[in-house]
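Quick note, the sequences are listed as chains A and B, same order.
Using full-length UniProt numbering, you'd call the opening residue of the first sequence number 1 and step up by one each time.
Using full-length UniProt numbering, you'd call the opening residue of the second sequence number 1 and step up by one each time.
Just a few of them, taken from the derived set where beta-carbon distance is under 10 Å, the chain A residues facing chain B:
id, residue
1, 11
2, 94
3, 467
4, 484
Residues of chain B clear of chain A, computed beta-carbon distances all greater than 12 Å:
id, residue
5, 69
6, 113
7, 122
8, 142
9, 216
10, 229
11, 237
12, 240
13, 254
Keep in mind the hints are simulated off the structure, nothing from the lab.
Bear in mind that the values here come from a model prediction, so they are computed numbers and not experimental data.
Quick reminder that beta carbons are idealized off the backbone N, C-alpha and C, glycines included.
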Amino acid sequence: MTTRRKVLLGLAGAGGAAIAGGTIYSSFANDDEDSGSGSDIVLNIGGDWPFAVPTAKQAKADPNVKALSEALGAWQDDNPGVRLKKITVKIWEQKHLVTAISGGSGPAMFPGLVVGNWNGGATKVAFQQGLAADITDLVKKYKFDDKIADFAKPQWEGWPVNGKLYCMPDSFNAGNGIYYRRDLVAKKGLKEPGLGWTWDDLRTLVAGLTTDRMKGAAFQKWGMNWPLVAQGWGLLTRVPAPSQKWHWKYDYTTHAALWTEFIELYRGMIYKDKSAFSDSTLMDGEVTAAFTQGRAALFGNNIGFFFGDPDTDNTLPNMAKRMDKPIGELVGFVPHPVGKTGYYGASSPFMGVTSFSPDLSEEALDKAVSLQNFLTYGKGYVIRKQALWNETKNLQKVYTDPTPINGMTQIEGIKGDMAEAWGPEIVKAAEISAGLSTLPDEGAYIPAEKDAGPPNTPVEDMHSHWAFEKGKVDIRADLKKLTDTHNQQAKGFTSSVDKADFAAGAEKYYAAVTEFWQEKAPDFVSEVLEPWLADVVKPSLEA
Amino acid sequence: MAASQQHTPVEEEAPAAARPGERETAPGPAGGPPASTKPGTQKPGRRRRVETTLFTLPAFLFQLSWGWYPMIMAFVLSFTDAALRRPVQFTGLESYQRIWDDPLVAQSFRVTAVYTVLSITLTFFIPIFVAILLMEMSRRHIRWMMLLWFLPLSGVASTVLFRYMFNAQYGLFQWVATKVLGLPPQPFLNSADQVLFWLVVPGILFFGPGLIYMATLQSIPASYFEAAEIEGAGFWRKMWTISLPRLRPIISMLLIFAIIGSTQAFEFPTIMTGAEGSPGGAARTVVMYLFQLLQQLRYADATALGVYLFVITMTLVVIQRRFFREDPDT
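Given these sequences and hints, build the entire structure.
Here you go:
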């Protein structure tokens, strides 16, 4: 007969067995995922980032892993006593990563922007909250900032947080732009877009490409953002207000006529011309699929989409392979259209960064930075590429990044370069995109806040409202409502930056902005920026 | 040890006597005197107390570690700046005030309220009626209908599928609306006015708690319905006087779950409309907004919002418990 005592004893036995079994299992587990033995320093590599710790078996089977293995071996020869240990952490999910770092079980290195959910401002706040190690001295020691490619250097200038560095640049994206069907543009005799084209040009092109079976364009759910940012949305919608508790206020009404014009242009393509489509469910994948499947002739994204796997469905190289045409002849890429007066903002390049665990000892932190420096800027990068070339003799496998952060578009010992791998058209497009000067970053002038302040949610809400509300929308009333909502939110926050420091930083920032645009788009300065600075910003700074 | 051995047969031979209230008078061990003459007055032995404690301890520790402790800590955090790796500072009611003043919080509560009402109306009450209707069918039909309705479906996979079906450009529902029904193109999830309704619709098809209703209905003695039929009762009379009263305890319990579940809606609206609950935040529930606060590292604000939600949910549950009679015979 089963009694409570028997149940208790059974449970105790089962629990004891589970604990004993778990102990034995854990003592054997993961041995094959460690690199090095008898070590003094252990670097935890989480989520297979920046690389999956290779095993001998994997290195045999995969040329990529073999190449990595060779590079890591070279580094470990110079750094004996360091062991790389694979740990499980969802490194691309902010909540998981932040929890792991907060609890002291985070990886030795991680993609810095994840802790701020891909928002630069929030990432700097996370750095100040102690979620990343201060590597200012190690930057000086390893001097990797000297090795950053020239086109990426301006982006790096915005990353110091109140004089300290919490990350290392690891990648550079040449920026967002528009992909279009070059073959169809030629076939229909349309004008091919080029640097400096406008949103009116885009509307004409999209209408010209539209047929019964194919829309001229497919836009992601956030597509409404692009024509507005191209006019200065973001720069012209935030006003420094050091006299307020939170030192920024929001103003979406001063340039209401400008915003209204381009909101109506975007809506016009979708609802009037019926030449473009968008949907609240459309993300990058869906839009790219619409393009590669011939349902849309144009879409927007970063230049990295050129370099997909030719054997995977719905990638641009796969589309070219399917249609049996060189990708450069089939698909064109051009930076986003500029604003009415020459302003551009939607195409701005983008930098990825690596941050390091705040729990690493001084020595371990040094080794972690050394390793990432070796693989990104040093011999490790070259060894890896050379090994991959020797294994595959395939240039497309070797050159996967048109704008490498280290500037190495040609590597010694490899026959061929980026242009030979992907075609001159694509490399030229990447160069044009990367060549766009980076806009001045306010982080380089205004001291960083300890809190992120009011989020961008009200703006995202209004953009999706304008994009998807099929009926009539009262844009001016919406802009007023948006201003009120955002300012109401701002009232709940308190700046951590001294009022005078903020005002001084803001003055320098707007001086830099004026100087930058004076050279790039003088019409924007004379018609939009200077009147706004005089009528809105200056009185607010002096208040 | 000796004492323990002496008591063993007592527990094995008369375990039922240990439950006061089940018998007026339980026989004592090995033919001894009755364990108790009045329910609830028996003083439990030391071993029983130890055993009871051991049985209860794991559940208590689990609930303490993963239920109460986080809840209390969240409450405490809401009065601080909840800094992650720097000293935490007491901020009083600052987070509560900030959340109270945030217009998007009020909007998210409105969305949650509408979603809760729609969800409970369409996916909670309809299955009751459908389950009663099903019971009126022949056994063969009941089996087929149950098979169709209660197929085990993956929630996330179905949700993703529905997201594509609602696509206004090439979704299946658009095809049905325009090609089959001859209607103009519908906005579905793109309309702020319609999005919450379309979010609830898949819940109707999933049949919600229908299986539990059917199990309860099947447990009602057939003689009740036969007697009612002899007395001339029709379908509505039987439903009103037999089925619904017998279902009342289950309805009461499931209603509480439905209220709690709806006020905490997160996964389904997030997958269908994105983290921002577009368009215009028309589908952003309180928990979705709370998650956005966490993404912005505003942990104190998120916990303050969580406390507001807890208070409101608790109030709804208390009201429901106060006014909803569970006993079918009262």
